[in-house]
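**Q** Required output: the full structure, derived from the provided sequences and hints.
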Amino acid sequence: MNLEAESVTDPHFTSLAGDACNLKEHADNSFDLAYSNSVIEHVGQWSNQKRMAAETRRVAPRHFIQTPNYWFPLEPHFRTPFIHWLPRPWRALIVQAKACGFYPKAANADEANAILQDAILLNAPSMAALFPDSTIVKERVAGLTKSLIAVR
Numbered sequence: 001m002n003l004e005a006e007s008v009t010d011p012h013f014t015s016l017a018g019d020a021c022n023l024k025e026h027a028d029n030s031f032d033l034a035y036s037n038s039v040i041e042h043v044g045q046w047s048n049q050k051r052m053a054a055e056t057r058r059v060a061p062r063h064f065i066q067t068p069n070y071w072f073p074l075e076p077h078f079r080t081p082f083i084h085w086l087p088r089p090w091r092a093l094i095v096q097a098k099a100c101g102f103y104p105k106a107a108n109a110d111e112a113n114a115i116l117q118d119a120i121l122l123n124a125p126s127m128a129a130l131f132p133d134s135t136i137v138k139e140r141v142a143g144l145t146k147s148l149i150a151v152r
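Going by our numbering, 110 is the number at position 110 of the sequence shown; the sequence numbering is gapless.
Treat the hints with caution; some may be incorrect.
Calculated cross-link-like contacts (lysine-lysine; reagent style DSS-like; alpha-carbon spacing at most 30 Å) [as the list claims (entries may be wrong)]: (1) Lys24 with Lys50; (2) Lys50 with Lys146; (3) Lys105 with Lys146; (4) Lys50 with Lys138; (5) Lys146 with Lys98.
Derived by calculation from the structure, the hints in this document are not laboratory data.
**A** Written out as structure tokens, the structure is:
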């Protein structure tokens with residue numbers, strides 16, 4: 001499921017366009033497996049993250065949902081250490097001062113806030129709350145939890 005359908009050459013797979021927070025066109029357990037790699041942090045606030053998690057759990061009996069860990073010191077989208085732990089006004093000033101990771105330099109406060117809204121990282125308790133019937137696997141690098149994976 002992507003915002004836009006992608007071309008797929010393998011006959012065992014189908015690409016669908018849609019909103020991961022609203023899969024009403026799909027019946028319960030209509031997929032064998034839901035796989036998501038670094039998506040849930042991009043769907044918006046907690047309410048959207050809850051909707052995506054609920055829809056994922058509803059449409060597939062098994063899932064593998066990966067997201068970067070909030071407590072890992074390097075923020076993967078900004079590719080800047082510790083930036084995600086700073087107060088929001090400071091982060092807004094930083095992204096207005098320079099390009100960070102995948103994001104261009106923001107021209108103004110409005111652009112800066114849009115950039116900051118693009119990725120809202122989760123921690124292990126939040127992933128456990130979103131996926132209560134899943135095992136939360138911690139992917140580690142140098143002893144630190146880099147990402148979290150909800151597996152069912």
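**Q** Against this structure, judge whether each hint is valid.
**A** Against the structure, the hints come out as follows:
Distance hint between Lys24 and Lys50 is fulfilled; the C-alpha atoms sit about 15 Å from each other, no more than 30 Å. Pair hint Lys50 plus Lys146 holds up; C-alpha atoms about 22 Å apart against a cutoff of 30 Å. Between Lys105 and Lys146 the CA atoms are separated by roughly 26 Å; this keeps the pair inside 30 Å, and the hint holds. Of the pairs offered as hints, the one joining Lys50 and Lys138 holds, with about 20 Å between alpha carbons and a cut-off of 30 Å not exceeded.
Annotation: proposed proximity of Lys146 to Lys98 holds, straight-line Cα distance about 25 Å (limit 30 Å).
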